[in-house]
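**Q** The listed protein sequences derive, respectively, from chains P and Y.
Note that this note's numbering gives residue 256 to position 256 of the first sequence, counting from 1, and the numbers run on in steps of one.
Note that this note's numbering gives residue 274 to position 274 of the second sequence, counting from 1, and the numbers run on in steps of one.
To be clear, the hints were calculated from the coordinates, so they are not data collected in a lab.
Hints may contain errors.
[Claimed, not checked] In silico DSS-like cross-links for lysine-lysine, where the CA-CA straight-line distance does not exceed 27 Å:
#	chain 1	residue 1	chain 2	residue 2
1	P	K310	Y	K377
2	Y	K306	P	K21
3	Y	K303	P	K331
4	Y	K227	P	K310
5	Y	K87	Y	K108
6	Y	K303	P	K310
7	Y	K306	P	K13
8	Y	K187	P	K331
Being a predicted model, the structure only gives us computed values, none of them experimental.
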Amino acid sequence: MPLYHTEDQAMLKDTAVQFMKAEAPTAHFRKFRDMDCKDGFSHDLWKQFAEMGFTGILIPEEEGGLGLGNVEAGIVLEEIGRNLSPSPFLSTSVAGVSALKAADKGLRDRWFPGIVSGDTVLGLAIDEGAKHRTQAIAMKAERSGNGFKLTGKKQFVVQGASADMLIVAARTGGSAGETQGLTLFAVDKDSAKMSMEAARLVDSSMAAHVGFDGVEVDGGAVIGEVDNGWAVLTRLLDAGRAGAAAELVGVGAGAMDMTVEYLKQRKQFGRLIGEFQALQHRAAHLYSEMEVARAAVLKAQHMMDEGSEKAELMVAVAKAKAGQATSLAVKEGVQMHGGIGMTDEYDIGLYMKRDRALAEFFGDANFHADRVARMHGY
Amino acid sequence: MSDLENFRAETRAWLEANCPPEMREPLKDESDACWGGRNPTFKSEAQKVWMDRMAEKGWTVPDWPKAYGGAGLSPAESKILREEMAKLGCRSPLSSFGIWMLGPALLKFGTEEQKVHYLNQIAKGEIRWCQGYSEPGSGSDLVSLQTFGEDKGDHWVVNGQKIWTSYADKADWIFCLVRTDKNDKYKGISFLLFDMASEGVSTKPILLISGNSPFCETFFDNVTVPKDQIVGELNRGWDVAKYLLGHEREMISGAGNAPVGSVGAMYKDLMAEDPLLRADMAKLDVDTLAFRAMGEKFIDEMKAGKGHPAQPNMMKYFGTELNKRRHELVMAAGGSDALEWESEASKGGARPRAWLRTKANSIEGGTSEVMLNVVAKRILDLPGA
């Protein structure tokens with residue numbers, strides 16, 4: 001399988017490019033930000049995503065979706081990134097669906113139709129501290145009747161307050177640091193004894209702190225197997241990490257393109273600033289970094305879709321590299337724009353903020369570089 | 001099974017049966033490679049057997065047409081061959097500037113006669129080539145070159161000097177940029193091929209900081225070159241040279257054969273006690289694996305005629321800077337052991353010599369700064385001269 005988009009994928013890309021440009025460009029993002037929208041995204045846009053088939057992109061055809069893979073999801077995510085289009089796509093249709101695909105028929109039948117139709121939003125309750133540390137998950141799920149009682153706290157639950165269901169990672173056994181003993185639960189938003197405190201983040205997206213004070217769920221809420229949730233969580237995380245990396249590449253590419261255009265328009269000292277070699281070399285270096293990041297992301301997606309055992313390593317590489325390259329893109333972007341790069345009116349700063357949030361989502365570049373080292377045995 | 005699956009199975013079986021075990025060990029350094037030539041020096045019988053068997057199959061140049069010594073494989077088939085060779089750890093059977101650089105230029109610009117003659121020799125490893133590009137006064141500004149070929153009717157008489165000619169002292173023939181019109185900088189250069197055994201050719205190895213001499217000064221004193229040994233049109237050698245530079249940059253970038261293996265993994269104990277070095281190693285592994293993916297994507301795109309034509313410049317920049325970083329970290333991890341230049345334990349100073357050798361990577365074939373210039377202008381379309 002050659003490492004570039006097939007004809008079908010190239011067509012999907014054209015569709016996604018047109019769609020985001022027309023329906024969810026940065027102006028759309030600004031509109032929802034400025035109206036102080038409590039969801040942080042437009043439900044109408046989410047319905048439009050559904051009409052395009054995007055919401056069910058990873059859901060099998062026989063269950064109403066498009067039955068496509070991570071490469072295709074990544075194509076949509078790159079355009080979301082490039083246009084800063086606010087949507088629950090990554091949490092719901094990519095990471096969330098990847099976990100639910102391992103769930104029994106009851107849960108799939110319950111949640112897939114709403115996701116496909118653009119009526120349902122999922123939240124991911126994974127992180128418990130300010131940094132993404134999956135193995136340190138300590139939240140308790142104790143057996144109670146024919147179900148479980150959840151106690152603990154989660155944070156950085158993106159769009160948690162708008163979510164119809166939260167996928168919650170908790171301990172049914174073992175202790176923090178162990179992979180054994182984790183279980184994933186599908187928890188209804190209306191569950192009793194659950195508290196939600198939503199915060200607006202630096203990039204104007206919404207994320208919640210969620211408290212679980214003995215929230216009761218029945219046995220049917222378990223996604224996958226009790227105590228063996230690590231495998232399902234890994235599927236969720238790999239899809240989420242590769243997806244976040246794809247979105248980051250879009251953010252970085254958007255920032256870079258905007259910056260390169262600016263270098264061709266802005267004049268100082270009587271000439272275009274893009275004529276200065278000091279800036280040319282930095283722009284060319286940035287291009288190289290972004291190209292390599294894009295290749296790493298595509299390779300990770302290919303390996304996931306092929307079911308390769310080594311996909312997890314490449315996903316870590318992809319998230320680390322995309323995080324590092326895109327961070328460079330937005331920093332160089334703001335600096336090369338000079339004064340106007342600091343203004344709210346200009347879009348480049350919005351890219352910097354979005355990068356900051358995506359960098360943390362599913363683990364930052366250091367976290368993933370550390371995983372790469374561990375997977376190499378050091 | 002599909003045709004490609006069949007091809008994969010057959011390829012694997014053939015490689016397993018025909019690749020000698022010694023040829024499945026990684027190369028120790030550049031000199032460990034098989035370079036072929038008129039008077040070849042093989043490091044082992046296995047090396048010769050491996051080259052001959054692969055050449056017989058057309059697999060030294062798998063995607064060249066059969067008439068020119070290749071196997072006429074499709075891009076998908078050559079990729080399978082590369083993958084299967086990588087799985088078994090098979091060495092490249094033949095290292096050759098003929099394969100990497102001159103061959104692609106001949107395929108594009110050569111006459112049919114030239115292709116049949118030279119390409120077959122290259123594919124079989126019969127002639128070892130070197131490249132006459134840089135001159136003492138023409139490094140990054142290559143087009144200012146002065147070596148002159150005077151028109152004498154049915155031949156040229158070439159006078160001048162080249163420098164940084166890789167392995168000129170071991171090469172049989174040279175592909176050489178020669179000025180044939182002093183009045184036009186770009187359209188006054190021709191691309192000539194000639195025998196290094198010609199009267200008037202002499203070479204002098206240059207001792208480098210690595211202690212090795214992979215490069216030479218090459219002198220031409222009234223060298224006769226017949227007129228049929230020009231590639232492309234008279235005075236249009238710069239077009240050939242630029243095309244070939246793309247392939248040279250791709251080769252130096254390490255695309256397709258980026259270093260395998262993690263440096264950090266070789267120094268596990270040290271990694272546990274030196275967190276700052278470990279962080280550098282982790283980032284190196286990230287970039288190495290990301291660049292391997294980039295190499296795969298780049299080659300796939302190129303074989304399919306996709307991708308930006310100036311992309312080899314980006315590959316060369318990234319690959320060589322990465323390789324320098326890798327060897328800096330090898331030295332840092334090696335500590336005082338890695339300082340040993342002449343000792344048995346250090347295998348003759350393998351680490352420091354390799355480290356110093358990598359410093360040339362971002363100079364030879366176009367400096368990193370020139371690569372960035374090209375990317376800025378041709379890919380990003382930034383303004384200015």
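**Q** All the hints need checking, so say for each whether the structure fits it.
**A** How the hints compare with the structure:
no., hint, in the structure
1, P:K310 x Y:K377, "violated, 38 Å"
2, Y:K306 x P:K21, "holds, 25 Å"
3, Y:K303 x P:K331, "violated, 35 Å"
4, Y:K227 x P:K310, "violated, 56 Å"
5, Y:K87 x Y:K108, "violated, 32 Å"
6, Y:K303 x P:K310, "holds, 26 Å"
7, Y:K306 x P:K13, "holds, 16 Å"
8, Y:K187 x P:K331, "violated, 43 Å"
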